[in-house]
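J.: Got chain A; can you put chain B on it based on the hints?
Here are the chains, one letter per residue:
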Amino acid sequence: MREIVIISGKGGAGKTSVTGAFAHLAENAILCDLDVDAPDLHLLLDPEHRAENEFWSGFEAVIDQDVCTGCGNCMEVCRFDAITETDGRYEVNPLQCEGCKVCVTLCPAEAIEFPQKHCGDWYVSSTRFGPMVHAQLYPGEENSGRLVTELKQKAREIAEEQGLDLVLCDGAPGIGCPVISSMAGTDLAVAVTEPTPSGLHDLKRVAELCEGFRTKVAVLVNKWDINPAMTGEIEDYCRSRGYTLVGRFPHDRAVVDAMLERKVITEYDDGPLAETLKQAWADVAALAKSIKK
Amino acid sequence: MIYAVASGKGGTGKTTTCSSLAAIWDVPVTLVDLDVEEPNLHLFLKPDLDDIEKAYIEVPVADEDKCTSCGACRDICQFKAITVMAGTLLVFPEMCHGCGGCLAVCPEDALSPGKRELGEICRGTADGHPFVMGRLRVGEAMSPPLMRRIRREFPGMSEKGDILIDAPPGVSCPAIAAVTDADCIVLVTEPTPFGFHDFKLAWEAFKPLGKPMGAVVNRADLGDTSVREFCSANDIPVWAEIPYSREIAEAYSRGDVISKAIAPLEETFAGLRDNMRAVAQKGANHA
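Chains A and B supply the protein sequences, listed in that same order. Quick note on the numbering used here: the first sequence kicks off at 1257 and runs consecutively. Quick note on the numbering used here: the second sequence kicks off at 938 and runs consecutively.
In isolation and in its complexed conformation, chain A is listed as follows:
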């Protein structure tokens, strides 16, 4: 079994549009949306939920006002600026609370409760391109890394059960917690970038992260014709680092037009963009297969 994650560093570079097309072109794959914070792949794939699960993770401190003596110890020990005081009344701001239990443990009046949090939901679904595992984290929640790890685990289990040989994942932007979690066990990271100062800057950082995990990196340059000189600079950089270039896509309104019809590009269009995507997928699939375990 092979695992491929589509990433970008910079948001909006085209991860999900590329993942959608690859999902269409891939055979024998399970799809997985690891952007649990702002997932979009479901908008293209219209998944039908087969199983819904609650994601419970972490805890939050809640002060029982009937027991609180107003000593202020909790505010003093909290390192996350999560406790506020108004006229002697202490309260926990759930958006700032890290769930560390320090205030709970050190409260002399034992006035702080510590319930577990329901942070989101995750789904096992079926789509026209095969099974899909995806989630929605509730707004403001943390632990997105744990949810990513759970989703990948579930995807591997289903792949194993159904004899699928590929886990194809849409990743999150950035280089933080969810992206780091999505790297574990991944054979190949496909980084989608664009020829802009942000595109190159963010590609360098996310590719450095992949190198830290010894994950092989392949790069796609989206909207390459917006700035051919910058595209050249990105491609030179990739060659110098040993990243495989798997294609450059022109700036094309068909990407948005396909999205409006809730289709992936290769379903919507059979022009040069779709052809480039098909070639890129063939290269990515071959590259993933060639990686020695």
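These are calculated hints, taken from the structure and not from any lab test. Hints may contain errors.
Claimed, not checked - Dumping the calculated DMTMM-like pairs for lysine to aspartate or glutamate here, alpha-carbon to alpha-carbon at most 20 Å:
(1) Lys-1357(A) with Asp-1161(B)
(2) Lys-1017(B) with Glu-1316(A)
(3) Lys-1519(A) with Asp-1161(B)
(4) Lys-983(B) with Asp-1064(B)
(5) Lys-1017(B) with Glu-1406(A)
(6) Lys-1137(B) with Asp-1161(B)
(7) Lys-1534(A) with Asp-1508(A)
(8) Lys-1137(B) with Asp-1302(A)
(9) Lys-1460(A) with Asp-1492(A)
T.: Same frame as chain A, now just chain B:
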């Protein structure tokens, strides 16, 4: 006043908007990039970053001679950063959230504060305005602690004028942390299905904060009308519309600030700035 430029979906134009506003802000302002995972504002405003300071989080260091392996530190740790194996305490510093709980409960005084590098805080000047950005160390999972370091400087910055924040994408903890201190939130979106979906998520995430919000519709002539219909149904003012044009995309790709590079846009961003200022002022008068 503190203004945050946010979005649910990445790549909708937060940095474009923030840099364009910075270039035409007509009163003293500190420019702050809180998208510490992928900070981009400096690529457009080109500040001279002359002060780069490493930022750390406190993590425990165990003294084997004093440790009796009682497990009190392991029991309080909610992040699996401490374990006891075969009578030996093991600390996993990269899992630590820096809450200080283990140090507080250790009965033997066997833990002392050490540190893990979070990244850097870079300071400088852009167009005469103070500029501050966080840059997360590649491999560091937690962005909120680095953001918190910078946010703690907001009271001092506020004394000198406004603060304009470039926020990270998404709606989870880093995005919320970036807008929590703001007097006004600008949500940048694009009228595509992805843009609209993530715009709704962001609006729902930020609404409980009770702060005035308005929308910027970027690439306004792409896609469909769903963003505008949603805004009008939910009384979200649309403060600016930026047209889709190849000229704008090319200017951005060269690292230009579009409110300066493309003449008609200066007025668009001036209108946005005036709208932001008016609602923030109104909010302050109510408070």
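J.: All hints, please: hold or fail.
T.: Evaluated hints:
no.: 1; hint: Lys-1357(A) with Asp-1161(B); verdict: violated, 47 Å
no.: 2; hint: Lys-1017(B) with Glu-1316(A); verdict: holds, 16 Å
no.: 3; hint: Lys-1519(A) with Asp-1161(B); verdict: holds, 15 Å
no.: 4; hint: Lys-983(B) with Asp-1064(B); verdict: holds, 9 Å
no.: 5; hint: Lys-1017(B) with Glu-1406(A); verdict: holds, 17 Å
no.: 6; hint: Lys-1137(B) with Asp-1161(B); verdict: holds, 15 Å
no.: 7; hint: Lys-1534(A) with Asp-1508(A); verdict: holds, 16 Å
no.: 8; hint: Lys-1137(B) with Asp-1302(A); verdict: holds, 18 Å
no.: 9; hint: Lys-1460(A) with Asp-1492(A); verdict: holds, 12 Å
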